[in-house]
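Residue numbers (our numbering), protein chains in the order written: chain A, 1 to 197; chain B, 1 to 190.
Keep in mind that the hints are not guaranteed to be accurate.
Unchecked claim - Simulated DEER-style distance windows between Cβ atoms:
hint	chain 1	residue 1	chain 2	residue 2	range
1	B	Ala162	A	Gln76	57 to 65 Å
2	A	Ser14	B	Leu32	15 to 23 Å
3	A	Ala79	B	Gln34	20 to 28 Å
4	A	Arg77	B	Arg33	26 to 34 Å
5	B	Arg149	A	Pro16	44 to 52 Å
6	A	Thr70	B	Pro138	55 to 63 Å
7	B	Thr60	A	Tyr73	28 to 36 Å
8	B	Ala38	A	Asn52	37 to 45 Å
9	B	Ala38	A	Arg94	16 to 24 Å
10	A	Thr126	B	Arg33	41 to 49 Å
11	A	Ser14	B	Gln169	39 to 47 Å
12	A	Asn52	B	Leu137	20 to 28 Å
13	B	His126	A	Leu64	48 to 56 Å
Quick caveat, the hints were computed from the structure, so don't treat them as lab data. A quick note: this is a predicted structure, and the numbers were derived from the prediction, not measured. Glycine included, each C-beta is placed from N, C-alpha and C at the ideal position.
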Amino acid sequence: MFSSWRQHRTDQNSDPELLAAAQQGSSDAIASLYRRHGPLIYRYVFRLSRDNAIAEEITQEVFLALLRQTDRYDAQRAALSTWLCGIARRQLWRHLELSQRFVPIDTPDEPFDPPSPDDGPAEQLTRAEAIATVREGLEDLPLLLKEVIILCEFEELTYQQVSLILAIPVGTVRSRLHRARARLATLLRPVTENHSS
Amino acid sequence: MNTSNQLDHALEALRQEHRSIQPPPTLEASILRQAELATPRHAHNVRNWSLALAAAAALTIAILLLHPRPSHPTLQTHNATTPPPPQIAQTPSIGVIPPAPLAHQVANSRLHRTAPRPGSPTPTAHPFVLLPTGVGLPEPAQAMLIRTRIDTSSLRNYGLAAPPAGAPQTVLAEFLVGEDGLPRAIRLVP
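I would like the entire structure built from these sequences, with the hints used as guidance.
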């Protein structure tokens with residue numbers, strides 16, 4: 001009972017407070033930090049790597065790095081989740097490069113056919129089909145576009161937060177998101193046509 | 001509904017799907033275990049440094065108290081004309097230190113080793129007297145006992161009665177020092 005009360009109390013503390021306590025060896029503080037930010041890190045790595053073991057390994061490395069490099073975190077500059085996600089991304093990229101799974105982004109002037117807003121009802125996919133198509137298309141996206149969809153659309157982070165995680169300007173985040181969405185939207189159309197024919 | 005809206009709806013559904021991804025429960029335990037292995041040395045160092053700093057501060061205070069300078073304002077505030085501060089009756093814990101931590105602290109204090117060895121006759125200790133400089137200070141959570149020899153001529157500065165004529169030049173005394181390094185009370189050791 002006492003431990004759950006203590007846990008409840010640490011859950012209410014701010015990230016910097018928890019960090020300070022974690023640095024002193026408080027396992028409650030570490031557990032609270034993990035419960036607050038661990039799932040985001042795990043999901044992000046898992047979606048990009050599609051590998052449970054890598055996601056677990058990197059999530060663990062991220063939290064150990066957090067304890068070792070607490071002084072590097074600047075609460076004025078970024079939220080802790082953003083900082084942790086940045087560490088996770090660097091570790092994941094290093095991992096993917098080592099295993100030669102890194103797929104570079106395609107050229108910026110890649111042509112794409114944006115969807116027309118006046119597509120008729122006959123060309124619409126059923127909801128389930130659309131979800132399945134987008135899910136599949138997402139897996140086929142280059143990693144640099146896929147991660148923007150994950151962070152902006154799924155985790156609902158702001159452009160500013162994503163720009164800090166990816167270490168790119170906000171404008172680049174916007175353009176990548178636009179391109180990623182355009183690709184996914186394009187995927188919906190051919191299937192629609194097949195569906196209606 | 002155009003493809004853009006359709007995409008939004010699909011992404012919304014996939015967002016729910018994405019949020020349902022949770023790390024395995026074993027991961028938290030694993031991280032906590034690794035963290036424990038990673039942090040004790042550091043935490044231990046911090047504790048050691050804290051203890052060393054506290055001991056250094058306590059020693060500095062004790063030295064300052066043993067050799068009070070006449071111009072020291074805190075020691076001049078209590079003189080023979082002012083009534084002695086209230087005695088901390090029988091036990092040093094009342095009003096100064098919580099009983100359990102103090103007893104524990106005193107029992108485990110390294111400085112306590114200077115006390116008479118077990119087996120030798122234990123003289124009855126005098127009650128602790130609140131130091132004039134300790135009035136108004138917050139209650140310490142922990143206290144340290146420092147035994148030292150002080151000049152009898154300075155007893156009044158500590159709120160103790162003046163020594164009778166023919167008393168020895170120095171007497172053995174114990175100071176209760178809070179974790180902030182500030183002394184709270186004093187007693188004479190017979």
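Against the structure, the hints:
Between Ala162 of chain B and Gln76 of chain A the C-beta distance comes to about 59 Å, which sits within the given range of 57 to 65 Å. The supplied range of 15 to 23 Å is met by Ser14 of chain A and Leu32 of chain B, whose beta-carbon atoms lie about 21 Å from each other. As the Cβ distance of Ala79 of chain A to Gln34 of chain B is approximately 24 Å, the hint placing it in 20 to 28 Å holds. For the hinted restraint 26 to 34 Å between Arg77 of chain A and Arg33 of chain B, the CB-CB distance of approximately 31 Å keeps it satisfied.
Evaluation of the 44 to 52 Å hint for Arg149 of chain B and Pro16 of chain A yields a pass: the beta carbon distance comes to about 47 Å. About 29 Å separates the C-beta atoms of Thr70 of chain A and Pro138 of chain B, a value inconsistent with the hinted range of 55 to 63 Å. In this structure, Thr60 of chain B and Tyr73 of chain A meet the distance hint of 28 to 36 Å, their C-beta atoms being roughly 35 Å apart. Distance hint for Ala38 of chain B and Asn52 of chain A: a CB-CB separation of about 23 Å, inconsistent with the stated range 37 to 45 Å.
Hint check: Ala38 of chain B to Arg94 of chain A, Cβ distance near 20 Å, so the stated range 16 to 24 Å holds. For the pair Thr126 of chain A and Arg33 of chain B, the beta carbons lie near 48 Å from each other, so the given range of 41 to 49 Å is met. Judged by the Cβ atoms, the range 39 to 47 Å given for Ser14 of chain A and Gln169 of chain B is violated: they are separated by roughly 57 Å. Between Asn52 of chain A and Leu137 of chain B the beta carbon distance is about 57 Å. The supplied range of 20 to 28 Å is therefore violated.
For His126 of chain B and Leu64 of chain A, the Cβ-Cβ distance of about 54 Å falls inside the hinted range of 48 to 56 Å, so the restraint holds.
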